[in-house]
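> Chains as they are written, first to last, in the numbering used here: chain V, 1 to 119; chain S, 1001 to 1508; chain B, 2001 to 2089.
Honestly, I wouldn't trust all of these hints.
What the hints assert, rightly or not - List time: in silico PhoX-like cross-link candidates among lysine-lysine, alpha-carbon distance up to 20 Å:
| # | chain 1 | residue 1 | chain 2 | residue 2 |
| --- | --- | --- | --- | --- |
| 1 | S | 1247 | B | 2088 |
| 2 | S | 1045 | V | 7 |
| 3 | S | 1318 | B | 2088 |
| 4 | S | 1428 | S | 1449 |
| 5 | V | 112 | S | 1373 |
| 6 | V | 7 | S | 1040 |
| 7 | B | 2048 | S | 1013 |
| 8 | V | 112 | S | 1419 |
| 9 | S | 1366 | S | 1288 |
| 10 | V | 7 | S | 1449 |
| 11 | V | 80 | S | 1431 |
| 12 | S | 1449 | S | 1431 |
| 13 | B | 2088 | S | 1051 |
| 14 | S | 1247 | S | 1051 |
| 15 | S | 1318 | S | 1247 |
| 16 | S | 1247 | S | 1045 |
| 17 | S | 1065 | S | 1013 |
| 18 | S | 1065 | S | 1009 |
| 19 | S | 1429 | S | 1449 |
| 20 | V | 80 | S | 1419 |
| 21 | S | 1013 | S | 1051 |
| 22 | S | 1178 | S | 1449 |
| 23 | S | 1373 | S | 1419 |
| 24 | S | 1040 | S | 1051 |
| 25 | V | 80 | S | 1429 |
Unchecked claim - If you want the footprint, here are the derived chain S segments under chain V, 3+ residues with CB under 8 Å:
| # | region |
| --- | --- |
| 26 | 1038 to 1048 |
| 27 | 1406 to 1413 |
| 28 | 1426 to 1434 |
The set of hints was computed from the structure by calculation and includes no laboratory data.
The structure presented is a predicted model; accordingly, all values stated were derived computationally and were not measured.
Every residue, glycine too, gets a C-beta built ideally from N, C-alpha and C.
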Amino acid sequence: MPVAAVKEYVGVARDTVANYHGNQILYMCWDGHLMLAAPFSLLVSPEMKFGDVLTGMVAPILQVHPDAAHINWAEARWEKDDEPWTPDPEKSIRDNGLHHKDFLRFSTPGLKGYRGLGI
Amino acid sequence: MDMKATQKKMSLKDRYRHLTRGLDWETTYQPMDVVFPYDKYEGIKVHDWDKWEDPFRLTMDAYWKYQAEKERKLYAILDSFNQSNGHLNVTDARYINAIKIFFTAVPQVEYMAHRGFSIAGRQFRGVGPRVACQMQAIDEIRHAQTQIHTASNYNKYYNGINAFVHQYPRMWYQSVGKSFIDDAITGGPFEWMVAIGFSFEYVLTNLVFVPFVSGAAYNGDVGTMTFGFSAQSDEARHMTLGLECIKFMLEQDPDNLPIVQGWIDKWTWRGTRFLSLIGAMMDYMLPKRVMSWREAWDIYFEQNGGALFRDLARYGIKVPDCVAQAAEAKEHVSHQLWAALYQWNFGTMFHTWIPSPEELDWLSAKYPDTFDKYYRPRWEMWAQMEKEGKRYVNAGGLGANCQVCQFPMIFTEPGDPTKLCHRQTVYKKEKYHFCSDHCQHIFENEPEKYIQSWLPVNQMLQGNMGGGGLEEFFKWVHLRPGIDNMGFEGSEDQRNFAQWRGMATTNS
Amino acid sequence: MSIVFIAFQANEETRPIVDAIVADNPAATVQHSPGLVKIDAEGCLTVKRASIEERIGRPYDLQELNVNLITISGHLDEDDDEFTLAWKD
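Can you build the whole structure from these sequences, using the hints too?
What follows is the structure, given as structure tokens:
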């Protein structure tokens, strides 16, 4: 539906990839670990290898959680756009087909959160 | 009763009619549509503006008289509270953090409400709503002023509220309230009236100004009690105005119904999300509690809002879909909010803490179906971490913001409190993310509006918050890490309060 | 029937007003909360000028209610003698 307005109304998207100086946003959510209050936002270069994002950027964020030390990234299950998705850790963000503001959910089999409560 | 010595010349109804009818004229030099260009484009059809009736029928002389009396009372109490160092009589200095949240957010929203009603008062061509909007515009600026005056005394003694004007457009969590009122003020005058006059004033402000302010009274904060109740006395008029506006639109033309219903759906959800913050304040920040957030929600949203929707059913208005989700969320949102504020406390201008064992038990009793199962373990885990000197900080995990309500996506899936809720859509090849179905629907109804949202985390990642890192953010937002925020235990506020209260109660 | 309510600041000015309302609306219930007093009633609640005047011993303008009013619920109808809150369902 258009915005009700007295003349033509066109908005300017504030978060297009052009505003990120060659980088892009990648959102991630660690399912079953509500200790982290929300999905988190990563600023990544499209050339970065996906595996390097996991070890260099994601792992430091997760390390506050007692389960983090036991994560086996090779076994992690991923979801993108509500569909199962498989990343290639050796390939870049771009070559994994990840676009600006993509949202990934992942779960880590066997790790059930604090006291097994999903926290 | 004895006979009165003097007879009133005119009845209240007549006096009000004289104020609001026949005061203006049909313009001849310019067509009315040119003089009032903004009250038709939203699609609301009005056939007879004279059908507008303000049930309070407050005339100008009465308005000034009673508002002046309210102000005199309020400032007399405030002066006496300040003069006698009343702030040292609050139950516990932790309490002051609740009103820091209030003082840094609400006066700004009130000020914008003042601007919004000034604008609407100019835009409506009917005299009835013009007069009512004018009075409400004055009320709203009065609220901003009395709140700032109350805050200024606290600001002399406590950290965190000194930069509230600077921080309002910069502080990440403030974008929730700011985007709410900015969204409303950028609608047309009728949408504004539904957003603020109806959804916010009628359905939601009771939750802020009645149980929360009663809570302030319970905790010895006479200043906040006084401005809060004084403000709410104006809200009683504002609610009737919002309700009158809804009835007026629905009675004027059947084509108005779907437009009004769309606004009610949107603004009920926008307000519900916004008020989650008050939930956290009531359940976690008041040392003494009048009632839980869930109990307040039962009385003021479900019971009172329910009565309202039953009443409006005769016009064809339906209960918004979001009400079902809100009914489930009332068991969760205050806990989710406080957990979020605790872990992102490094970026706020107030202190947080872990609830004491007694407080945890209170929460268990008030939330028997959810607290022990989902939330108590979090606090036990983090209490253990604090004990080990590893206070939990989620410094790297900057939360993804919802494109509409702008909260970080901290809310869980309806029906599954163990899973964070996320929705997404694509508009003009760009991806957008939401905390809920209802925020997504709001976006999809007006995407051109919401693609412009100023999302704090994305702004930070663009380098627009003084740079790109946290240190730069602190400087840019005028925040003193560790002084204005983080644990209440060991804070300057805690030390000062203990020392001053000691001086007030002993001679040594 | 839905509940209507009215709440006032709990102070000396409102004590006779609350008494008058309770006398005029036998089905009303009064709840005290810190700093405020809230009166609930099913369907309808009326505040009468004459009843307040009887208790305070002076002429009273119902619009004085504004000074100590905290909140209301229901459709309002106000004239010189009565201030009525009601739901129409």
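> All the hints need checking, so say for each whether the structure fits it.
Tested hints:
1. This hinted pair checks out: residue 1247 of chain S and residue 2088 of chain B have alpha carbons roughly 13 Å apart, not beyond 20 Å.
2. A threshold of 20 Å between alpha carbons decides the hint, and for residue 1045 of chain S with residue 7 of chain V the separation of about 19 Å falls inside it, so the pair holds.
3. Using a Cα cut-off of 20 Å, the hinted pair residue 1318 of chain S and residue 2088 of chain B holds, with the two alpha carbons roughly 16 Å apart.
4. This hinted pair checks out: residue 1428 of chain S and residue 1449 of chain S have alpha carbons roughly 13 Å apart, not beyond 20 Å.
5. At roughly 15 Å between alpha-carbon atoms, residue 112 of chain V and residue 1373 of chain S fall within 20 Å of each other, so this suggested pair holds.
6. Between residue 7 of chain V and residue 1040 of chain S, the direct Cα distance comes to roughly 13 Å. Compliance with the 20 Å bound is thereby established for this hinted pair.
7. For the hint linking residue 2048 of chain B to residue 1013 of chain S, the alpha-carbon distance of about 16 Å falls within 20 Å, and the restraint holds.
8. Distance restraint check for residue 112 of chain V and residue 1419 of chain S: the Cα-Cα separation of roughly 12 Å lies within the 20 Å cut-off, and the hinted pair is therefore satisfied.
9. Of the pairs offered as hints, the one joining residue 1366 of chain S and residue 1288 of chain S holds, with about 14 Å between alpha carbons and a cut-off of 20 Å not exceeded.
10. Simply put, residue 7 of chain V and residue 1449 of chain S have alpha-carbon atoms about 14 Å apart, close enough for the 20 Å limit, and the pair holds.
11. A hinted pair counts as satisfied when its Cα atoms are at most 20 Å apart, and residue 80 of chain V with residue 1431 of chain S qualifies at roughly 12 Å.
12. A threshold of 20 Å between alpha carbons decides the hint, and for residue 1449 of chain S with residue 1431 of chain S the separation of about 15 Å falls inside it, so the pair holds.
13. The hinted pair formed by residue 2088 of chain B and residue 1051 of chain S meets the criterion: a straight-line CA distance of about 19 Å does not exceed 20 Å.
14. In summary, the hint linking residue 1247 of chain S to residue 1051 of chain S is supported, as the alpha carbons are separated by about 10 Å, within the 20 Å threshold.
15. Using a Cα cut-off of 20 Å, the hinted pair residue 1318 of chain S and residue 1247 of chain S holds, with the two alpha carbons roughly 14 Å apart.
16. The straight-line distance between the Cα atoms of residue 1247 of chain S and residue 1045 of chain S is roughly 13 Å, inside the 20 Å bound, and the hint therefore holds.
17. Restraint check for residue 1065 of chain S and residue 1013 of chain S: satisfied, since their Cα atoms lie roughly 18 Å apart, inside the 20 Å limit.
18. Between residue 1065 of chain S and residue 1009 of chain S the CA atoms are separated by roughly 19 Å; this keeps the pair inside 20 Å, and the hint holds.
19. Our distance criterion of 20 Å between C-alpha atoms is met by residue 1429 of chain S and residue 1449 of chain S, whose separation comes to about 16 Å.
20. Distance hint between residue 80 of chain V and residue 1419 of chain S is fulfilled; the C-alpha atoms sit about 16 Å from each other, no more than 20 Å.
21. Between residue 1013 of chain S and residue 1051 of chain S the alpha-carbon distance is near 14 Å, which keeps this suggested pair within the 20 Å criterion.
22. Taking the CA atoms of residue 1178 of chain S and residue 1449 of chain S, the gap is about 15 Å. The hint holds against a cut of 20 Å.
23. With a CA separation close to 14 Å, the supplied pair residue 1373 of chain S and residue 1419 of chain S stays within the 20 Å bound.
24. Our distance criterion of 20 Å between C-alpha atoms is met by residue 1040 of chain S and residue 1051 of chain S, whose separation comes to about 17 Å.
25. As the CA atoms of residue 80 of chain V and residue 1429 of chain S are separated by approximately 16 Å, the hinted pair is consistent with the 20 Å bound.
26. Remark: the region 1038 to 1048 of chain S is confirmed as covered by chain V, as 4 of its residues place a Cβ nearer than 8 Å to a Cβ of that chain, reaching the required three.
27. A count of 4 residues in the region 1406 to 1413 of chain S with a Cβ less than 8 Å from any Cβ of chain V is obtained; the coverage claim is therefore met, three being the minimum.
28. For the region 1426 to 1434 of chain S, the proposed coverage by chain V is satisfied: 5 residues have a C-beta within less than 8 Å of a C-beta in that chain, meeting the threshold of three.
Comparing the model with each numbered hint stated earlier shows that all of them hold.
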